[in-house]
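Protein chains: 4
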Amino acid sequence: MRKICVVVASRANYGRVKYLMKAVQQRPDLELQLIVSASTLLYRFGRAVDVIKADGFKPNRSLFYILEGENLVTQAKSTGAGISELATAFDDLQPDIVVSVADRFETMATAIAATYMNVPLAHIQGGEISGNIDDRVRHAITKLADLHFPSSEQSRERVIRMGEDAAYVFNVGCPSVDVLVNQDLRIDNEIMASYGGTGVGIDWTKPYVLLVQHPVTTSYGQGFAQINESLAAAVEIGLPTVVLWPNIDAGTDDVAKGIRVFRERNPTLPFHFFRNFSPEDYGRVLANAACLIGNSSSFIREGAFLGVPAVIVGDRQMGREHGRNVTFAPYEQAAIAEAGRRQIAAKRYDSDPIFGRGDAGPRMAEILASIELPAIKRMTY
Amino acid sequence: MRKICVVVASRANYGRVKYLMKAVQQRPDLELQLIVSASTLLYRFGRAVDVIKADGFKPNRSLFYILEGENLVTQAKSTGAGISELATAFDDLQPDIVVSVADRFETMATAIAATYMNVPLAHIQGGEISGNIDDRVRHAITKLADLHFPSSEQSRERVIRMGEDAAYVFNVGCPSVDVLVNQDLRIDNEIMASYGGTGVGIDWTKPYVLLVQHPVTTSYGQGFAQINESLAAAVEIGLPTVVLWPNIDAGTDDVAKGIRVFRERNPTLPFHFFRNFSPEDYGRVLANAACLIGNSSSFIREGAFLGVPAVIVGDRQMGREHGRNVTFAPYEQAAIAEAGRRQIAAKRYDSDPIFGRGDAGPRMAEILASIELPAIKRMTY
Amino acid sequence: MRKICVVVASRANYGRVKYLMKAVQQRPDLELQLIVSASTLLYRFGRAVDVIKADGFKPNRSLFYILEGENLVTQAKSTGAGISELATAFDDLQPDIVVSVADRFETMATAIAATYMNVPLAHIQGGEISGNIDDRVRHAITKLADLHFPSSEQSRERVIRMGEDAAYVFNVGCPSVDVLVNQDLRIDNEIMASYGGTGVGIDWTKPYVLLVQHPVTTSYGQGFAQINESLAAAVEIGLPTVVLWPNIDAGTDDVAKGIRVFRERNPTLPFHFFRNFSPEDYGRVLANAACLIGNSSSFIREGAFLGVPAVIVGDRQMGREHGRNVTFAPYEQAAIAEAGRRQIAAKRYDSDPIFGRGDAGPRMAEILASIELPAIKRMTY
Amino acid sequence: MRKICVVVASRANYGRVKYLMKAVQQRPDLELQLIVSASTLLYRFGRAVDVIKADGFKPNRSLFYILEGENLVTQAKSTGAGISELATAFDDLQPDIVVSVADRFETMATAIAATYMNVPLAHIQGGEISGNIDDRVRHAITKLADLHFPSSEQSRERVIRMGEDAAYVFNVGCPSVDVLVNQDLRIDNEIMASYGGTGVGIDWTKPYVLLVQHPVTTSYGQGFAQINESLAAAVEIGLPTVVLWPNIDAGTDDVAKGIRVFRERNPTLPFHFFRNFSPEDYGRVLANAACLIGNSSSFIREGAFLGVPAVIVGDRQMGREHGRNVTFAPYEQAAIAEAGRRQIAAKRYDSDPIFGRGDAGPRMAEILASIELPAIKRMTY
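Protein chains in written order, with full-length UniProt numbering: chain A, 1 to 381; chain D, 1 to 381; chain E, 1 to 381; chain U, 1 to 381.
Heads up, a few of these hints could be off.
One copy or two, either will do: identical chains are not told apart, so a pair holds if it fits within one copy or between any two.
As the list claims (entries may be wrong) - No more than 20 angstroms apart at the CA atoms, straight line, and that leaves these computed lysine to aspartate or glutamate pairs for EDC-like: (1) LYS257 <-> ASP50; (2) LYS53 <-> ASP91; (3) LYS22 <-> ASP281; (4) LYS58 <-> ASP92; (5) LYS22 <-> GLU366.
It should be emphasised that the hints constitute simulated quantities derived from the structure, not laboratory data.
Here chain A stands alone, though its shape is the one from the complex:
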């Protein structure tokens, strides 16, 4: 029985691999090993580990390795500490394949630890282009990985063009779409009541804007100004606005401070601030928004499948493959507000299957169960 070790390092990670984890658990020929780590364990980032446990998963290891500071130095050091922790864990758990997702420093830590421990590495969401530091990290992880699950056809082709052997590159869609097809997407105030949050109360059955904006590591130090433009645009648009706190990253403090200052200066505006949702409830919040504003990759990925209009702000996702639902705007209040109004008027777009149809988890599990990986990875040239 193959041991498949999934490393979940953030709430976003979990949303993307939950249905893969379920699929692995359901197969008799696979055993799920679960490592929860990094911001998954941290209160400031919503402790996704509590949601994970509530969903019935039992972590084999809980690893703390985030150096506090959210700057460039601590991001590098956290990567180093993560490698060290994960090496010990892999040595104990002896997985047959390690699964990692996306492109953040925690994923790099997983990739490096697996590489040097000689454990085959499966990588989800390789081959994408987002126009920032994440690109080089994502592509470096592709070069370290043995098995690739890019989330779209363009990404699959790009992974192969980088020299990966097509026999080990599979586009089965993005597992984050699985969440959407496996649940009721209707929202109501009762379901959402448990989240608390801060700010003025929100009626989830009325039109609202969802604002999620992460710091951009290559423009470190500008996060405060950047979030301000988006918040001001949301004020200008005039709908109730749901704001999610940003990911842990170099620059998080800047963005978080922008949100905090805004909240304190505007205690009566219809803004509501949340730390975290379960993947399902996040699916609901996405599906029912009048418009998505910010730079979360979920706006592109889940947004395409759902057809929810989105305004992608700034350059974090520039150049990324996207569906019909997306329009772009610079870090400028007027431009963001204008794009937002146009998108709200558009209501909904047709569902776009570029990121899959919601069966990625079981299809990945099938491949993880059956593939024979070569001892030495071959470049195709």
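Go by the hints and put chains D, E and U onto chain A.
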């Protein structure tokens, strides 16, 4: 004035960047920052730092980060510890460009630290193919790097095919060849007397075999058997044999134990064992050998320029671009000995310029001084 | 010229060594080396490094080593990471004596690093008893230290009873008192305006309560309930209340959450929340309070000198030597409020010199400049 | 059922706790958790883990945390890395009591990790005086520990004088003596044949000298000269000599180099070099030696019980309580040889019970099973 930070992490690293370091020092528009680290500082691996200081270089930082154990766990952990140390050092030194060489875990540590610290990374010897774990690490570093100095035309093309922008990929040859053209290659017993070493004394003016065999990380645990075949082949060939202790790596203990056991069982055979040479003296030892046996990449690189016949044993360098001087053999005494005898009979091959003409250091320094690197790296597709 | 390396790891540390640092700087026979580290560098804990730099000190090193999580695991891991960072720094800086303060895990990291690097260690505030985990850490540091600056006579005697050689144990008072005698202690709204903070505005010229309560590591998990009792007591007392966010520690999140929830539920009560003051302004805030409530050791130390009435809540400072100004209360609203009212009625106590007269910094510097430390530390039995 | 977690960090550790581990295993009310770590796992130090497994123990965790370099920096860093590894392990294993032995940096790492993880710490061999850096570390560990098992009456009294509560200080003797009473101490060549070793063969049934000399961390850099004096003295004495490689420590390289150079210069002298023995066989080697020369604490501890004459060289054990069997000598060939000859003439001393009668393991296990430890440790003044 640009600050160019060179990270030297092993004796092999130093041989490859010495003439780049000299060239950087000589330019008024560049400042050399030198970090010596890892096995460079360790007695068991010949403390190359002493040679570096004797050559007149003054390290800005000395960083210890090798976890002892030479197994898969400690290799991963050393990478993690290295990232942590280098992040602090880069934060203090604020280099404009970091230079790293080749494909070992120490180089990966340098690449990750520079990436997350937002310091542009120049990578020497990218794009090569060696047919083992080093390949994926080397290519991953390529994806992290901003500026590439591959050592041959094939490598240059491969780096570009992986999606790197050709405007930042320069084949100026390998700086390890620079060592060879900047020195007198004659050998005599007086020059070599200072090295001591153990085993039966050697007359450097007579024909000898040079045996350098590193552990292969993807076949961890077989190093003992592998070195035994090569040692037995050298006995069969019958010439005096110079043996160099292996690099620090997962599996080093195995290979080192093979050498130790051989030495103790065969105290009277004409074998001599050394820990380290200066780059210049290593150039002499290479240039004057009757035949090179093992898997050192210097046999391929410097060997091509010198035309010294070489038998590459096993799969560590399989698939690597090479000159006329190279033949391959499996881990089998008979095959190695047979290939060795043929190569000794061949005497010398014509010099092959595939790895450059010995002016790589100054040409790299020129590029480091003048290139404008974009804030965000562009993929060419 | 002796190099005296002071390691500042928290805002509290800085308040205690500022006048020692000044005294070291002013002596021609001493050179100050300054390492700022840990929460000193973190926004969430008020970035004391900005105050340090504004005071004209130039850090030789800035070291990040706090693992995020504020639980038992990350406290241990932060100690480990701190040792590693400090070892590299001491190796570079080659100090003659390292100075560390008090009893937190950062101080333990400093003590261990200095011990293994063979650098003599001077320890400030040894020999005290506070009735919790800090005790064992403080006494362990005493056993590692070469030179002791306990802050009171009782502490001096205790250090000697533990076996330390009296020739190296000096009670020159606590340097935190130095701050108080070197400044104007008057407070007004103009001076304090720069701090911002959150909550309802405060008139510093009117009577106010100062509430500072840190988590107690041996009762991990109870911080939320504990701070609630104190906050409720302050409401009951009815004076405007100044609340300081807690130190970084296992349990900080609990206490911080208690404060946050209280703030959100009681937006109109006269409470004001601050992250940080300069040592001077903290001196003002202490000196002018009607009453001090919580468990900050400053209430005992500076409080004794100032004669400001204090209610020490819970067991964090139980058993600690204290002056006339202190009374104790359990974690119970009624008891705290009752004690608070009695203390407010008492107005001011006479100044108590048990923690010195405010000349500790120069006297320590004199000893650091002249003492001869033996190569091997002698136990007195 | 209480979980007792024993951390074994070196071959010497194991010899001292083996019979405690056995006693814990045999009690129905205790569960043994075993962590093997540090040099226990390293080939260069004899991989005691193999002996441990051969004895039937199954490690719960194997932790690598030795930074290579054997100098002051890496000793500090290894302590830091050890704390980090042990914190994760304790968090997983949730022991009720952690047991640590003696005074090396690995023990300090165990003590710090246990302290900050709030796990009660039992410390074996506290309270001793050895006249070097180990003293301060040993006493610091005493201040961190909750339960003390000093190995002699003098040590017990010293632990109490340092302020520890006598109710938690138990002299049940040293568990290293247990090894000696639970085995046949006769030696013959067959038993010892399996060890290999290097150098000229030895007849174990004839008189021999045992030489074990560790580096002294406070005289870092002098190890080479120090071991030379002892080796020369052994040559002068003229008996066959058994040499054990030194412990991992700052300075090990120096001592090891001294031994290596001696071995190569004197290939025909009757010296034999070993890396490791099982505790039982080490007991045999001790018990049958004509004389013990060096600074191993086993010469004092086991030596007292066995009555084997010993010459303690240098200051590493100066001031340490000892039995009749010990005499001291400085680092001088003539003095060592002279003392050695006198001791050899003395043949055997009466057994001295100052370090116990060989029942320490079961008595400790009894206490570990029944003691109630207070939540907060009390100083006795």
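Between LYS22 and ASP281, at a C-alpha cutoff of 20 angstroms, which is it: within one copy, between copies, both, or neither? within (18 angstroms within a copy, 53 angstroms between copies)
Is it within, between, both or neither when you check LYS58 against ASP92 at 20 angstroms Cα-Cα? both (17 angstroms within a copy, 13 angstroms between copies)
Could you figure out if LYS257 and ASP50 sit no more than 20 angstroms apart (CA to CA) within one copy, between two copies, both or neither? between (26 angstroms within a copy, 17 angstroms between copies)
Which holds for LYS22 with GLU366 at a C-alpha limit of 20 angstroms: within a copy, between copies, both or neither? within (12 angstroms within a copy, 47 angstroms between copies)
Up to 20 angstroms between alpha-carbons, please classify LYS53 paired with ASP91: within, between, both or neither. Classified as between: cross-chain Cα gap 18 angstroms, same-chain 24 angstroms, threshold 20 angstroms.
When the structure is compared with the earlier hints, no violation turns up for any of them.
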